[in-house]
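K.L.:
Every letter in the sequence shown is one number past the one before it in my numbering, and letter 568, counting from 1, is 1264.
Hints in this document: simulated from the structure, not taken from any laboratory. Since this is a predicted model, take the numbers as computed values, not measurements. If a hint is listed, it holds; no wrong ones were tucked in.
The calculated lysine-lysine pairs, modelled on DSSO-like cross-linking and capped at a C-alpha distance of 27 Å, are: (1) Lys-1074 x Lys-1095; (2) Lys-1069 x Lys-1059; (3) Lys-1065 x Lys-1107; (4) Lys-785 x Lys-760; (5) Lys-1074 x Lys-1173; (6) Lys-998 x Lys-945.
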Amino acid sequence: MVQEKGTISINTENIFPIIKKFLYSDHEIFLRELVSNAVDATQKLKRLSSLGHYNNELGNLNIKITVDKEAKTITVSDSGIGMTAEEIKKYINQVAFSGATEFMEKFKEANDANEIIGRFGLGFYSAFMVADKVEIQALSYQENAVPARWICDGSTEFEITEGNRTERGTDIILYINEDSIEFLENHRIQSILDKYAKFLPVPVQFGTKSESVEDGNDEEGKPKYKTVEVDNIINNTTPIWTKSPSDLKDEDYLNFYNELYPFSEAPLFWIHLNVDYPFNLTGVLYFPKLKNDFEIQKNKIKLFSRQVFITDEVKDIVPEFLLLLHGVIDSPDIPLNVSRSFLQSDGNVKKINSYISRKVAEKLTELFKKDRKSYEEKWGDIGIFVKYGALSDEKFYEKAKDFLLLTNTSKSYFTLDEYRIKVKDFQTDKNGQQVWLYTADAERQHSYVAVAHKKNYDVLLMDSPIDTHFIQHLEMKLEKTSLKRVDADVIDKLIEKENTEKHPLTDEESNKLKQAFEKALNNANMKVEVESLPADALPVTVTMEEWMRRMKDMSRMGGGMNFYGNMPDTYKVAINANHPVMAKILAADEAQQYMMTKQLTDLALLATGLLKGADLTAFVERSVGAMQQ
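Build out the structure end to end from the sequences listed, making use of the hints.
P.N.:
As structure tokens, then:
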């Protein structure tokens, strides 16, 4: 072969340094790109063989990664389709020109255009992120092909000569630069392969490993074992998402989940995705046990393209609420940029997004209808997920409203329609509006819950991180329905009826009582109101208005309500004018009056968790002193 020197053909001036510096977000991607190219070359050869265009033995098709620390080289070798010198000039020297178009045209009878990834594109040049020099040794599968050698030092200058490869395939040899010597460590290469190549469809070999094998029997007839060195194949070439669900057992799905997320709790259930029209998509999505920590559970879905790991940033493909799921999605129809690192939004992505959302809704509907008891048992784990979906996806809500459950303080479960029927007789106010009472903390708000139960009212449990938003969403969706927290007001004001009692106090007495309690509270943010309440209700009740607390809750969650978050907490203090103790307070002298009002307000504050610090200490001491009198 005549030696040839030349210049790499680049359409944009000075693009090569840009490719080296900015095209890839992470230097470790070089290995993914080179191994992926090796897989493509191997897959093309297998395809040619199946179509009858290659009749020789395929032999060992393992892709091999070799690290030579002394020579400071990393070599990626395959036994795939190989390249001639002309093909190297065409596919390597003309940056971003792919051989896929020509290949598909030549073998269009195969009808598998979507199965073929281009032999080389810009991905090859990721090698220069870590290498001072890159060498290619290649021998084409074609009869009488001459081996070719290509070498480049990272500039636009290259050299092609006759190569020394004697067997079909390609070696990519990287001469590692000083800034990248970390990649000469076996453990570093192993970690990259574990990340990107774990499920490639072609065996990837990285060194050897020791295995114990049977070696006859000893004198007692027991089997003997010896240690042998075998190829270290780092990948599973047939992960479960490439198989038919009918060929898999629950154990297979659970084992795969453990492989993806070691030391994690077993998932609740899963969905096997498999569609080939109008796009290609396979995968398995798992429902993890979410509890209340869903924020830290995100980014657990891994995106693959033909079993090549791409990213775990799948927010453009998967609806936001489904980011809470775990698992794998594999699709060749998801458009990627030249580095295969980022997703672009197009029609296919939107279709895939809708498909996944629909499959999840169908799975939940099936579980709910098939075994409601089991579904209810899982609700504590999946409730956040379903509510999140209902909030963020209108189409999902339309389906979810039939399997979305509400839980009350008695741990009973209801669909939205079931709950409406349950409370309509007791919890409809004088305006025909249903009022659904709820608590965010059944223990802390126990006294308020107990008061509600005395009136035969039901109380929902709304204690997940997103329930503040979910409550508002329900109010928008449900007709003539409002949700109020049990401590947002006295119970008779939460659900107002026609037969409201009138208290017997005169205006003068009411003002006197109000002033006495204001003095005891000594807090401008505590608004005292004298109310007409049942005589057996609490004498003093401290509440925060529903709208104010919601705004503050949203502010704490970053809901764009910072104005309310910066406002001081304000409370309503309801004085029950009908309670017998109020007559005693009005009849008492000033000192006794203060003592009684102070004790009652402190008790009310204590019930709401607002009595703290020195005030709490004083209350305890005062209570102990009263017992000693």
